[in-house]
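S.K.: So the protein sequences, as listed, match chains A and B. So in the working numbering, the last one in the first sequence is 292, and the numbering has no gaps at all. So in the working numbering, the last one in the second sequence is 337, and the numbering has no gaps at all.
Just so you know, the hints here were simulated from the structure itself, not pulled from any lab data. Incorrect hints may appear among the rest.
Derived lysine-lysine pairs resembling DSBU-like cross-links, with alpha carbons at most 35 Å apart [to be verified]:
no., chain 1, residue 1, chain 2, residue 2
1, A, LYS270, A, LYS54
2, B, LYS321, A, LYS57
3, B, LYS296, B, LYS321
4, A, LYS57, B, LYS180
5, B, LYS321, B, LYS249
6, A, LYS57, B, LYS249
7, B, LYS321, A, LYS54
8, B, LYS249, A, LYS87
In this text, all values refer to a predicted model and were calculated from it rather than measured experimentally.
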Amino acid sequence: MSNFGYVAPTTVEETLAVLQRATDQGQRTQILAGGTDVIVQFRSFDNSHRLFVDIKALKETNDIRIENELVFIGAAIPSGVLNENAELKALFPGLLEAADLIGSTQIQGRASIGGNLCNSSPAGDTIPALIVNSALCVIATNEGTRTVPAENFVTGVGRNCLEAYEFLLGFQIPRPSTDTGDAYLRFIPRTEMDIAVAGAAASLTLNHDGICERARVSIGAVAPTPLLVSSAAEALIGTTADENALQQAAQACSDAAQPITDKRGTVEYRRKVVGVLCRRAGAIARDRALSNRN
Amino acid sequence: MSKIYVSTTVNGRPEDVLCEAHQTLLDLLRDEIGLTGTKEGCGTGDCGACTVLLDDRLVCSCLVLAPEAHGKEITTVEGIADSQDGLHVVQQKLLEHAALQCGVCTPGFVVAAKALLDKDPNPNEETIRYWLAGNLCRCTGYDKIIRAVQDAAQELTPTK
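For reference, chain A alone in the conformation it holds in the complex:
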């Protein structure tokens, strides 16, 4: 007899109750958003019995709220839908470009930023972009919601801080000031639809003199988890994010990287390329900050 199940609860409370009940009964649960990683893994590597808990029928996971101080992006919104939102694109071009790098038109009709984070791959393209935008992951729990900074969410390759009876509702992101810009770049050996060899994101805030007052830099695919690189940010703060400062930030990223050698690239190559990507992403973020202000 098949011991697969599928439920699509319509409220957060109902979802948590389903997860709690299944967990108490020792049944494996699998949160389903766009399914573009979950269903591939299920069909290709691990077809063990489980209860699929579809979170796409919830209002919260589909919500986009753009307020004066905060922006909320629901966990289950397909990247294709996000990229049709002009206001979001103007606020977070780097984050939306990262989402747009993932997969084909068909994949983007389903794949979500929340799913990219919860899949917790070292190479998840949107994760460094979430980190530099200071995103807080909003997690539904039986005691209400708890928040975890994006840089602390992924705890290892394919592992994260979610408990079996919790799930991700979405992201709460500070609305960027008009003198802020973000960017994400990755390197792949072909022009599209591949997994990053290395990736880097930056978000910079420049004051009216063009001096960098706030910076966040994050790198992906060069360590077991995406990393927030504070030393790279420190190299930029107080400068005009000129070539010299960007070069120092790049070196900081290369130093922070703990890459592996695999079919996509060697340790030496990844270390070098992640620095180059940091320098280029930093320049784009700087130029966006300057043009946003004008």
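Assemble chain B onto chain A, guided by the hints.
M.R.: Frame of chain A; chain B shown alone:
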């Protein structure tokens, strides 16, 4: 576990079927509803042969669970041609340009290309190539497919 009841609309027709939780929308279409126009290529979302519209959004039906179709509207390649007017212009142009050989990828290309032209009736070559990048073809080398879609766009908006 008992089977799951799915009430869905496929090509405008209501369908009430029973499925298992771990079946895919592709299984549902082919094995339960009997619409075998949609093909399985890779089964992992790489090739696009199983492309359908799910509530007007292009998806790989191999990466949708069958119960997810409940309450949704699905368009497959069988729903593209018109019973009165015959083939859709995209299908006609694929034929005229000989833009297929084995034909396994063609239903996916038809659904994806029509979705593009519905959204952007006058796409340039780059737009077409990016839009169709999730549809793989081992026979044509793609150029004939791209020309066919360009020709279809031309016919839909002849003022170009």
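S.K.: If you test the structure against every hint from before, which numbers come out violated?
M.R.: The structure conflicts with hints 1, 2, 7, although it agrees with all the remaining ones.
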